[in-house]
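Starting from the structure of chain A, add chain B where the hints point.
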Amino acid sequence: MKNQEWKENKKNKVRSGPEEGRDNRNEITRRTFLRRSLLAGAAAGAAANGLFPFIQTIDVAFGAEAFSFAWISDSHLYPKTLNTRFVEKVERAVNDVKAMKPAPDFLIYGGDLAQLGDPVELELGAEILKAITVKKYYIPGEHDWYLDMGDKWKKLFGKPNWTFDHKGVRIIGLDTISRGPDYWSAKKMSPQERMGHMATLDGSVAGPWAGVGRDQLDWLGKILSDWPKDKPVIVFSHNPLYEYYPPWNFWVRDWRDVQAVLKPYSKVTNIHGHTHQVLYNEIGKMRSIGMLATSWNWPYPPEGVPALTTPMVRVDPGDPFDGVGWAKLAMTAGDQVNNEYVMWRKDVFAQTQVDSGTGDNTNQILSPRIADR
Amino acid sequence: MKKSTLLHLAAPVASLGLALFIVLGAAPGMAHKAKHTPEQLKAFEEEFMEQVRIGDLLFHGDAATEKKLGTTLSRTGMACAMCHPFAVDNHPYEFPKFQEQINKFSTLRDMINWCIEKPNEGEKLDADSDAMKALEAYIYWANRGSKLDPGRH
Chain A
1 MKNQEWKENK
11 KNKVRSGPEE
21 GRDNRNEITR
31 RTFLRRSLLA
41 GAAAGAAANG
51 LFPFIQTIDV
61 AFGAEAFSFA
71 WISDSHLYPK
81 TLNTRFVEKV
91 ERAVNDVKAM
101 KPAPDFLIYG
111 GDLAQLGDPV
121 ELELGAEILK
131 AITVKKYYIP
141 GEHDWYLDMG
151 DKWKKLFGKP
161 NWTFDHKGVR
171 IIGLDTISRG
181 PDYWSAKKMS
191 PQERMGHMAT
201 LDGSVAGPWA
211 GVGRDQLDWL
221 GKILSDWPKD
231 KPVIVFSHNP
241 LYEYYPPWNF
251 WVRDWRDVQA
261 VLKPYSKVTN
271 IHGHTHQVLY
281 NEIGKMRSIG
291 MLATSWNWPY
301 PPEGVPALTT
311 PMVRVDPGDP
321 FDGVGWAKLA
331 MTAGDQVNNE
341 YVMWRKDVFA
351 QTQVDSGTGD
361 NTNQILSPRI
371 ADR
Chain B
374 MKKSTLLHLA
384 APVASLGLAL
394 FIVLGAAPGM
404 AHKAKHTPEQ
414 LKAFEEEFME
424 QVRIGDLLFH
434 GDAATEKKLG
444 TTLSRTGMAC
454 AMCHPFAVDN
464 HPYEFPKFQE
474 QINKFSTLRD
484 MINWCIEKPN
494 EGEKLDADSD
504 AMKALEAYIY
514 WANRGSKLDP
524 GRH
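Protein chains in written order, with our numbering: chain A, 1 to 373; chain B, 374 to 526.
So that you can see chain A by itself, here it is in the shape it has in the complex (with noise of 0.2 Å):
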């Protein structure tokens, strides 16, 4: 896109309430909250393209005392002998949640923290978490899990789904990993056969594996039924509760369902990993945000982006600390869920289409692999 066409679309800027009273296109940093970058990016992206909708809502909660809470998730750790720079990556976001004044009332762990779901790798992880003193919650990703099925993440980390209550929210720890169809037994696959075509994001052998299942979403609608429809719930999740790009598993293939039992309660903000992206959609009354690995980032699959998602910057392959991080979330008593990616650079969100790891794939025709088949 011309700089001719960007200086005019920042006239064209959308001013929608108050705290978009002011040209806030140029504040859009590392600190920017999500709302206000959306309304800035969408506004300009629109207006030049027509790829990104107003953004008319984004409060999401009544009701609530203010609190703050920190996510990291995707770290995938290998054994410290292997590879020591992802460990690097996650002490970098731990030190940053320590650093949190005031600190966050508590940590979510989204999931994915081994690699290939070794031991080692998992008590690795268990290890450098231990530095963070505030209530710490996990979900599991599927990389944590596929080697022995679960048994040492759940030693470490407890039930894979959980929920409680904090300051008028009810907040819900599903487990989107566990329930992958058997795809193992009858090629009689060692389980570090089985966790390697889990590991591969783009293979397919494991299948659709992502999903919430019948018994979970049975007490997804337990656990809901006495809470009032119009207080605020929070979902983590390791994957997208939609269909993003099921090629990849960016979803859980019983979405529907899921929103089906989510579907009476109208201030429900779904917080999930696995994507290691910035990600925004809308799906009825849900909200979904996707949050930073502190891994490795993906590219934008080749279709499928949510319309209402603002882009994150192309990244630095050569800087290992880019386009990666952490994120701040807070309940404000001005009734919103605000969310703050930390990406350890400048800017997050793209600022032309061609910076957008969107944008810029205009060309791409993709084909699935076929050497596992």
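Each statement offered as a hint is correct.
Away from chain B, derived, C-beta distances all over 10 Å, residues of chain A:
#1 E91
#2 M149
#3 D165
#4 P181
#5 K187
#6 R214
#7 I283
#8 P306
Partial list, computed: chain B residues near chain A (C-beta under 10 Å):
#9 V425
#10 H464
#11 E494
#12 K520
#13 D522
For the record, the hints were derived by calculation from the structure and aren't laboratory data. Glycine is no exception: its CB is placed at the ideal position from the N, C-alpha and C atoms.
Showing chain B alone in chain A's frame:
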């Protein structure tokens, strides 16, 4: 020059010509004078897809294929596909171009080697090696149908 020397030279030249005639005669497709048979087309495709398959395995960090080809594409545990599932964002159709990281006019093979050496901390490939050609085959195949746009950054 003696006559016998001339004859001495002529013999291998004639032999070479005969050899070429035999090769071309045995493979009429190479001369583009006869129609390709379905068997030939199938053989060409199989040859190509075998390279794609090998490239796919290398791209996904398959240890057995690496060992067979004597390569060390990574020392971090990372494989190409971990950042480029379905070879996304490889943009093979944009090469050759000025590549910022390398700071010079670069080919896809230069970029493959940059990724092997920098993020993956592996050993760069000879530009004409079997492993490089296989990786190139897979990346182009996975991006087939994309519009050529050389020089685009």
